[in-house]
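Chemist: Sequences and hints are given; from them, build the entire structure.
Going left to right, the sequence shown walks through residues 1 to 325 as this note's numbering numbers them.
Honestly, the hints are just simulated from the structure, not real lab data. As the structure is a computational prediction, the values presented were derived from the model and not from experiment. Misleading hints may appear alongside valid ones.
Said to hold, decoys possible - Straight-line alpha carbon distances no greater than 25 Å define the calculated SDA-like cross-link-like pairs of lysine to any residue that follow:
#1 K212 with L237
#2 K49 with K107
#3 K302 with P192
What the hints assert, rightly or not - Between beta-carbon pairs, the in silico distance windows are:
#4 T38 with S259: 33 to 39 Å
#5 G91 with D276: 36 to 42 Å
#6 T52 with A202: 45 to 51 Å
Quick reminder that beta carbons are idealized off the backbone N, C-alpha and C, glycines included.
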Amino acid sequence: MTRSTAIIPILLGAALAFSGCGSSSGSDEGTVAATTTTPASAFPSATGKKITTVAPRSNDLVLAPSTSVVGPGRNRYGFAIFDTARKQVSGVPVAIYIARPDGTGLKGPFVARSESLAVKSQYQSLTSSNDPDSAKTVYVADIDVPRKGKYVAAAVVRQDGRTVVTSPFAFRAGGSGGPPVAGERAPKVHTPTLADVAGDGARISTREPVPKALLEQDLFDAYGRQPVALLFATPALCQSRVCGPVVDVLAQAQAEDTSGRTAYITSEIYRDNRVDRGLRSQPAAYRLPTEPWLFVLDANGKVVERIEGAFSVDEVKRAVARAGG
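Modeler: Okay, structure coming up:
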């Protein structure tokens, strides 16, 4: 999915491993803020520059966004950086820049923060622990997109005493018919529970072990009565290395929320947990183009936050707090 030129054959698999199912949120989300340790002044100014000239071009780093839904305004933009050894690069200062397809109209830097996907051992699934390549961190930048249309994004990375820019990655902002956005009422649908399958959780979850606490409540019953953190993910069938870790993340967030005000729910993607049988009705109702997706709803059923792709325990907690949980 990456559109880097020189090293795409080497890095395509790594980029797909992170971004095959998606990892950004749509526009005007009122995105959850986190502290960044590197000031914007540490990155090159966009004034008078094009996206390809803001810094020397990197020959060994690739931007791997999994952005499928971007709109005008503020967007949570999740991504990874990979090197030529297909290793995910983390812990270095990174900023995103966006521009028109010809590289002009450069905007940025949008300084990224690093969000950890790590969970305590009791919440780590076999699905995640048995996969050495599962995602461990995600970079997140809150980017401002001026209007609908075509754009390119690139990451400026500060590493080993050098400041370089990755090859641009094309994306389109705007469109209709996508997942519900912040402020909209989410679809009110039934989600499968353990009671529906006589306690046989393997019928409605591909995670090992089955996240029983996330399968207790039906969204239909919680909707409009309490805040809800609703996650669509399929740990065993996702094309990315993200779906397993995010279910672990939600499990820990639920366990550490002692207020009892919020319903935490996970729902699989495919009927009978088989890709060849198509989407379940729930992700279809939410018009999901990718997965995983997290929707945090308030007690009126309105979307307070939506996150596509990877996210941290802290992000869940901050979003739930904003929803009144």
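Chemist: All hints are to be evaluated individually against the structure, with a verdict given for each.
Modeler: Verification of the supplied hints:
1. This hinted pair checks out: K212 and L237 have alpha carbons roughly 19 Å apart, not beyond 25 Å.
2. A C-alpha spacing of about 9 Å is found between K49 and K107, which places the hinted pair at or below 25 Å, so the restraint holds.
3. As the CA atoms of K302 and P192 are separated by approximately 21 Å, the hinted pair is consistent with the 25 Å bound.
4. Remark: the range hint 33 to 39 Å for T38 to S259 is upheld by a beta-carbon distance near 34 Å.
5. Distance hint check for G91 and D276: the Cβ-Cβ separation is about 40 Å, which falls inside the suggested range of 36 to 42 Å.
6. Taking the beta carbon of each, T52 and A202 are about 50 Å apart, inside 45 to 51 Å as hinted.
When each numbered hint is compared with the structure, no violation occurs for any of them.
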